[in-house]
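Enquirer: Turn these sequences into a full structure, and let the hints guide you.
As a plain string of letters, each chain reads:
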Amino acid sequence: MSWEVVIGLEVHVQVNTKTKQFCGCSTQFGAEPNTQTCPVCLGMPGQLPVLNMEAARKTVLTGLAINADINLVSKFDRKNYFYPDLPKGYQITQFPLPIVEHGYLDIPVKDGEKRIGITRIHMEEDAGKSMHEGLDGVSHIDLNRSGVPLMEIVSEPDMADADEAIAYLKQLHQLVCFLDVSGANMEKGQFRCDANVSVRRPGEPLGTRAELKNLNSFRFIKQAIEYEVNRQIELIEDGGEVVQETRLFDSAKGESRSMRGKEEAHDYRYFPEPDLPPLRFTQAEVDAIRAGMPELPGQLRKRFETEYGLSPYDADVLTQTRDLAAWYEALVAAHPADPKRCANWMANELLGRLKESGTDIAESPVSPQRLAGLLERIADNTISGKAAKDVLDAMMTSEDDADAIIDARGLKQVSDSGAIDAIIEEVMAANPAQVEGYRGGKEKLLGFFVGQVMKASRGKANPGMVNQRLKALLKG
Amino acid sequence: MDIDVRKVAMLSRIRLTDDEAAELGPQLSNIIGYVEQLSAVNTDGVEPIAHPHDIAMPQRVDAVTNSNRRDALQASAPKTESGLYVVPKVIE
Amino acid sequence: MPFSTLSDIQSRLDAGQTTAVAVAKTYLDRIAAFNGDLNAFVDIDPAHVLEQAEASDAYRAKHGARALEGLPIAVKDIFCTQDGPTRCCSNILKDFHAPYDAHVITRLKEAGAVLVGKTNMDEFAMGSSTETSAFGPCRNPWDLERIPGGSSGGSASAVAAALAPAALGTDTGGSIRQPASVCGITGLKPTYGRVSRRGIIAFASSLDQAGPMARTVKDAAMIAAAISGHDSMDSTSVPDAPAVDWLGACDKTDMKGLRIGKPKEYFVDGMDAGVRAAIDAALAECAALGAEIVDISLPHTDAAVAAYYVIAPSEASANLSRYDAVRFGHRCENPEDLLDMYTRSRDEGFGAEVKRRILTGTFALSSGYYDAYYIKAQQVRTLIRQDFIDAFEQVDVIATPTSPITAFKLGEKTDDPLTMYLSDIFTIAINLAGLPGMSQPCGFVEGLPVGLQWIAPAWREDLILNAASAYEAATDWVKTPINFGGEA
Numbered sequence: 001m002s003w004e005v006v007i008g009l010e011v012h013v014q015v016n017t018k019t020k021q022f023c024g025c026s027t028q029f030g031a032e033p034n035t036q037t038c039p040v041c042l043g044m045p046g047q048l049p050v051l052n053m054e055a056a057r058k059t060v061l062t063g064l065a066i067n068a069d070i071n072l073v074s075k076f077d078r079k080n081y082f083y084p085d086l087p088k089g090y091q092i093t094q095f096p097l098p099i100v101e102h103g104y105l106d107i108p109v110k111d112g113e114k115r116i117g118i119t120r121i122h123m124e125e126d127a128g129k130s131m132h133e134g135l136d137g138v139s140h141i142d143l144n145r146s147g148v149p150l151m152e153i154v155s156e157p158d159m160a161d162a163d164e165a166i167a168y169l170k171q172l173h174q175l176v177c178f179l180d181v182s183g184a185n186m187e188k189g190q191f192r193c194d195a196n197v198s199v200r201r202p203g204e205p206l207g208t209r210a211e212l213k214n215l216n217s218f219r220f221i222k223q224a225i226e227y228e229v230n231r232q233i234e235l236i237e238d239g240g241e242v243v244q245e246t247r248l249f250d251s252a253k254g255e256s257r258s259m260r261g262k263e264e265a266h267d268y269r270y271f272p273e274p275d276l277p278p279l280r281f282t283q284a285e286v287d288a289i290r291a292g293m294p295e296l297p298g299q300l301r302k303r304f305e306t307e308y309g310l311s312p313y314d315a316d317v318l319t320q321t322r323d324l325a326a327w328y329e330a331l332v333a334a335h336p337a338d339p340k341r342c343a344n345w346m347a348n349e350l351l352g353r354l355k356e357s358g359t360d361i362a363e364s365p366v367s368p369q370r371l372a373g374l375l376e377r378i379a380d381n382t383i384s385g386k387a388a389k390d391v392l393d394a395m396m397t398s399e400d401d402a403d404a405i406i407d408a409r410g411l412k413q414v415s416d417s418g419a420i421d422a423i424i425e426e427v428m429a430a431n432p433a434q435v436e437g438y439r440g441g442k443e444k445l446l447g448f449f450v451g452q453v454m455k456a457s458r459g460k461a462n463p464g465m466v467n468q469r470l471k472a473l474l475k476g
Numbered sequence: 001m002d003i004d005v006r007k008v009a010m011l012s013r014i015r016l017t018d019d020e021a022a023e024l025g026p027q028l029s030n031i032i033g034y035v036e037q038l039s040a041v042n043t044d045g046v047e048p049i050a051h052p053h054d055i056a057m058p059q060r061v062d063a064v065t066n067s068n069r070r071d072a073l074q075a076s077a078p079k080t081e082s083g084l085y086v087v088p089k090v091i092e
Numbered sequence: 001m002p003f004s005t006l007s008d009i010q011s012r013l014d015a016g017q018t019t020a021v022a023v024a025k026t027y028l029d030r031i032a033a034f035n036g037d038l039n040a041f042v043d044i045d046p047a048h049v050l051e052q053a054e055a056s057d058a059y060r061a062k063h064g065a066r067a068l069e070g071l072p073i074a075v076k077d078i079f080c081t082q083d084g085p086t087r088c089c090s091n092i093l094k095d096f097h098a099p100y101d102a103h104v105i106t107r108l109k110e111a112g113a114v115l116v117g118k119t120n121m122d123e124f125a126m127g128s129s130t131e132t133s134a135f136g137p138c139r140n141p142w143d144l145e146r147i148p149g150g151s152s153g154g155s156a157s158a159v160a161a162a163l164a165p166a167a168l169g170t171d172t173g174g175s176i177r178q179p180a181s182v183c184g185i186t187g188l189k190p191t192y193g194r195v196s197r198r199g200i201i202a203f204a205s206s207l208d209q210a211g212p213m214a215r216t217v218k219d220a221a222m223i224a225a226a227i228s229g230h231d232s233m234d235s236t237s238v239p240d241a242p243a244v245d246w247l248g249a250c251d252k253t254d255m256k257g258l259r260i261g262k263p264k265e266y267f268v269d270g271m272d273a274g275v276r277a278a279i280d281a282a283l284a285e286c287a288a289l290g291a292e293i294v295d296i297s298l299p300h301t302d303a304a305v306a307a308y309y310v311i312a313p314s315e316a317s318a319n320l321s322r323y324d325a326v327r328f329g330h331r332c333e334n335p336e337d338l339l340d341m342y343t344r345s346r347d348e349g350f351g352a353e354v355k356r357r358i359l360t361g362t363f364a365l366s367s368g369y370y371d372a373y374y375i376k377a378q379q380v381r382t383l384i385r386q387d388f389i390d391a392f393e394q395v396d397v398i399a400t401p402t403s404p405i406t407a408f409k410l411g412e413k414t415d416d417p418l419t420m421y422l423s424d425i426f427t428i429a430i431n432l433a434g435l436p437g438m439s440q441p442c443g444f445v446e447g448l449p450v451g452l453q454w455i456a457p458a459w460r461e462d463l464i465l466n467a468a469s470a471y472e473a474a475t476d477w478v479k480t481p482i483n484f485g486g487e488a
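Chains as they are written, first to last, in the working numbering: chain D, 1 to 476; chain Y, 1 to 92; chain V, 1 to 488.
One or more hints might be untrue.
Capping the alpha-carbon separation at 20 Å, the derived lysine to aspartate or glutamate pairs in EDC-like fashion look like this [to be verified]:
no., chain 1, residue 1, chain 2, residue 2
1, Y, K79, V, D340
2, Y, K79, D, E32
3, Y, K7, V, E348
4, D, K79, V, D371
5, Y, K7, D, D267
6, D, K213, D, D238
7, D, K75, Y, D18
8, Y, K79, D, D136
9, Y, K79, V, E348
Chain D regions said to be covered by chain V (calculated; three or more residues, Cβ under 8 Å) [stated by the list, open to error]:
no., stretch
10, 45 to 58
11, 86 to 94
Keep in mind the hints are simulated off the structure, nothing from the lab. Cβ atoms here follow ideal geometry from the backbone N, Cα and C, with glycine treated the same way.
Expert: Rendered as structure tokens:
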């Protein structure tokens, strides 16, 4: 009794241009209601759209990054429906001839990679916001968001479970950030996902799909998809039929409910937008856009693995964002002797501390150069690794460089073998029984001696050197 | 052709009284009946056009040109509150 | 003075023989005296008109005259103006005041024109007789029992009756030319894209164009010169439109070497005999002026009205969706819920013809019908456009009657929408093809004006102006006195 799950995702991405898709209003988030509107995005009589060419270029760039075809001629259409947050009573979008088609993203799956097809990316405009919370019998409409440029990215129904869906979304999210085409902040509604989910028995045709909306975090998307899959399977196994409908996910209850009964199915009556001519790019213009593409995450990961010898895991962590990758490379430039040490200290030590204080790498109080200074002192054995962590803690809240902190706290470790030998001999003299025990074969006692030496040196002895000299001197 | 005028009116968000529906229904059918003659025109291989001329898309620069004119723009609004447009509750 | 041309008034202003204030007063007096009989104006603010006139005189004294300095121009209620209401003669906009000027209004202001009131029109420009106006019908000054044409009937009536020397109109399927024809004045619809549509309440986006309605060809050209030109906020406004020497093109007095196409589909049996005779006489006059009349065919003419009555309502059905009672416009009392607010506000606010067109358009675009109606109509549109392109290989301009009939009586065609639609059979194809067209007076049938229509290739308004000014110079139709409102 096995089931196949078929998932397709539609992602609406707000393009991070300064102005809206069809007018010169600002797109800044968080303004007072309706203060970023004009007759055009309010749909007032006689007003006409004028396309934001920067948004068009960013859409082309995104299409190139997913290896898609760029339609040098694409057209705009009107999608007609009535809703208070849709001022014109139609949305300007692209229907039969979108600007981008036939791309893909390769996502990591359990044993390698899987290619997820992307059917199309088209340009359209966002709607405003309706607010109902705590209002009695009325809704409030804010049209600041009306007209903000969107890219709608539609995947093929190529995903087979919630994990693949999340992997795809994370990849896509990272990509649009890398390309600097969107802030993609999900809480601000800049990256919104709808999921189409259906189930079928292997070998059978596609089942009826349900559309899940109102998914605004990766965690909820996973929850919603898993819930929906179970719901559909149970429904069919109980003899029921899946209905094509839109369902809203309630993250608090962890379940979805149908939006049926709101109104009958939409007939969008798409037709060509008479107020806009076709959008044309020359091949030369597309090539120029491609030439400006930054290194993409996949390329960057592979380069970090080969050029810096990093593990796939570390390479992945350090290429999560362009800022992280650039920071790492600045660190390596300042401490070129050991890229792996750089990776280790950045990924495991610095990022952990930044996460605790909720700080972005771009706002790190420690610069690559300052951290490199610390790594130098580890490399030349001035301090132990353990002491270095304390130094880093201090660097997070002061502007001093590593040397100043090491001096101020007296953290220089003792690496002089003569000095260490002296301490070892004292310890050995004070613990003759253990010496005998060690020499008699109890090798575990080494740890005891290490502890004693470190204690006697107040932690300053170079642990590696201690180990080495202990072994030599204990041997007798 | 018999047209479901109430369905079309609903799509258009226009209420029709029974009298209006009784009058507009046949009129709509007549109009559609008239334009049916288009089907007799041979349009094999003919591209439909949405614009009378071939023109280039204007290249608008991405720079903010609009400022806050909320009061002036909301002067004709039926109902607002604290700068928001007020409508009967939208049911999700 | 009232029956003077714009050009004459301009000469007198330039010569210091009169002032903008005096001119404005003349027309304001006439409006006060005669608008009640015509209902050509649905809004008039005499104080504001005089203010503008005073400002114009002051400007002239300080800086000299701009292109239309001090000249009064009436404005169809479809052009958004910050001063006064803009209602498109619809109840759904009965309290609307636009917070912006239409681009052409700005251009007229920059040229120093004095804008006069708002003229009557068919509601949302949907009609051919100005009978669908929510503010009462308008009357033809040549016969008060008859319609002034539509949808720019108020503008045509006002100019014919000299309540204003000129006016702005809009033309989607003939709404400048047909009223000009039945009111005995001159009206020009420019090439689509020549004049900005920004701030003009949209009816059918791929067909609408604004244009002048005036007493003579030259007057029309003066206004066209001022309002034409690229607007970066209208994406269908053409940035590199071939230039026209508007005034220079009006100096022609002969038609030597001009090839005039006479399309057989526009000269059918069953046409009004009087109209036919007037047009034939006009063409004979053209031949006498040196033109060669060439028989041509525009084979898809018969399908034009049907194509138009799919395309225009389709575009309109979407353009009028914004009248949803949310941000402006009429809202019904005590809406029960959102659906009630939408449906009842729009039912109350829109008249019957507007409803018919919205329903027609919604139907033609709806699932299952889109290919058969909308796509088919746009294919036929391609064929119609090609007909003209082919014809213009053989001729320079095309001449036809503007309207198959003269002004009909009020109420005569309101029972059957289809009958009314056929008023536009000779004007509609020109909008579908995006071409320029002009109507000028060419005779009378039983005291009612007949209009001659000129059609040229895209961007060749100069050819129209050449032919029309030569015809006007050789005939006296524009000087025919009207038995209304006295003669100055």
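Enquirer: All hints, please: hold or fail.
Expert: Verification of the hints:
no.: 1; hint: Y:K79 - V:D340; result: holds, 16 Å
no.: 2; hint: Y:K79 - D:E32; result: holds, 18 Å
no.: 3; hint: Y:K7 - V:E348; result: holds, 19 Å
no.: 4; hint: D:K79 - V:D371; result: holds, 16 Å
no.: 5; hint: Y:K7 - D:D267; result: holds, 11 Å
no.: 6; hint: D:K213 - D:D238; result: violated, 25 Å
no.: 7; hint: D:K75 - Y:D18; result: violated, 41 Å
no.: 8; hint: Y:K79 - D:D136; result: holds, 15 Å
no.: 9; hint: Y:K79 - V:E348; result: holds, 18 Å
no.: 10; hint: 45 to 58; result: holds (count 7)
no.: 11; hint: 86 to 94; result: holds (count 4)
Checked against the numbered hints above, the structure violates hints 6, 7; every other hint is satisfied.
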